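Colleague: Here is how the chains run, residue by residue.
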Amino acid sequence: MVTLTHYVGLSFLLFSIGVTGVLIRRNLLTVLMSIELMLNAVNLNLIAFSRQLGDLNGHLLAIFIITVAAGEAAIGLAIIVSLYRLKGSVNLDDAAEMKG
Amino acid sequence: VDPSVFFFWVFAAIVVVGALGVITMRQPLHSALFLLMSFLGIAGLFILNHAEFLAAVQVLVYAGGVMVLFLFTIMLVNVRKQAREPYVNRRAGISVLAGFFLFLLLGSVLTGPAMVNLGPPADPAKLRTTVIETKYASEEKPGNSEAVAWSLYRDYLLPFEIASVFLLVAMIGAVVLGKRTMEKFD
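Residue numbers (our numbering), protein chains in the order written: chain R, 1 to 100; chain D, 1001 to 1186.
Wrong hints could be hidden among the right ones.
Unchecked claim - Looking from chain R toward chain D, a few residues come up when the C-beta cut is under 10 Å (computed):
#: 1; residue: M1
#: 2; residue: H6
#: 3; residue: S11
#: 4; residue: L29
#: 5; residue: L44
#: 6; residue: Q52
#: 7; residue: M98
Keep in mind the hints are simulated off the structure, nothing from the lab. None of these values were measured; they are calculated from a predicted model. C-beta: ideal position from N, C-alpha, C; glycine also.
Chain R with its partners taken away, still in its complex shape (with noise of 0.2 Å):
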């Protein structure tokens, strides 16, 4: 019996691996793609919760997250590509100037 504890859980854990990939890489591309991971994970929760509660709402909730996911990443990628532009690279490291 799969119940709402499992959609939870396996929400969490995806939650819990973007997190990890965001502060481990290195690399911009990988780092949006763990933030898109974290994204889903919630949607992932606001779906199980919505059938759950027999409410509709949750999925209204995820269609606009996925929206605003999709404008993230045209505007985060758009940005990389500039980024690769000055730099000649995509690396986090490489982009420190305004580190204290």
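Take the given structure of chain R and dock chain D to it, following the hints.
Modeller: Okay, now just chain D, sitting in the frame of chain R:
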């Protein structure tokens, strides 16, 4: 074994293996392909939760649009030449530990009284009828897409319009950022 249980574990394994692949693969291209695998697993879990429309959106927007965007960017930035240096931070060990403790912290919610004393899930038909039960007779149930559309264009009309403006702004922003010469825009 109940097929919904079987497919839950299959899709959960796909999602987790894909996510772990994203953060461990050296080449961004391999990460992107594992991310695609994870997206498709999530779409399968959406179908198991009676969110058929969102599963289609997930495949079209994420596996279609966002993934193509990632692959084009990987093609544009030549990442292969930096492949020899270490691809994780110096403090990767403590970061993995932090991620693990974040998982434990989040998972402690699951042992709380609200999650332990969980009732049975609601009737799936309720998902389709809560919004539009007045319009339809009881024997004629609409599908998930129709229920979502009714809610989206009636209860969520203003957020929907704001989302369209947001997408326009994101599109213009991406075009401006991606242009080769920025001086012409001064």
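Colleague: Run through the hints listed earlier and report the numbers of any the structure violates, in increasing order.
Modeller: 7
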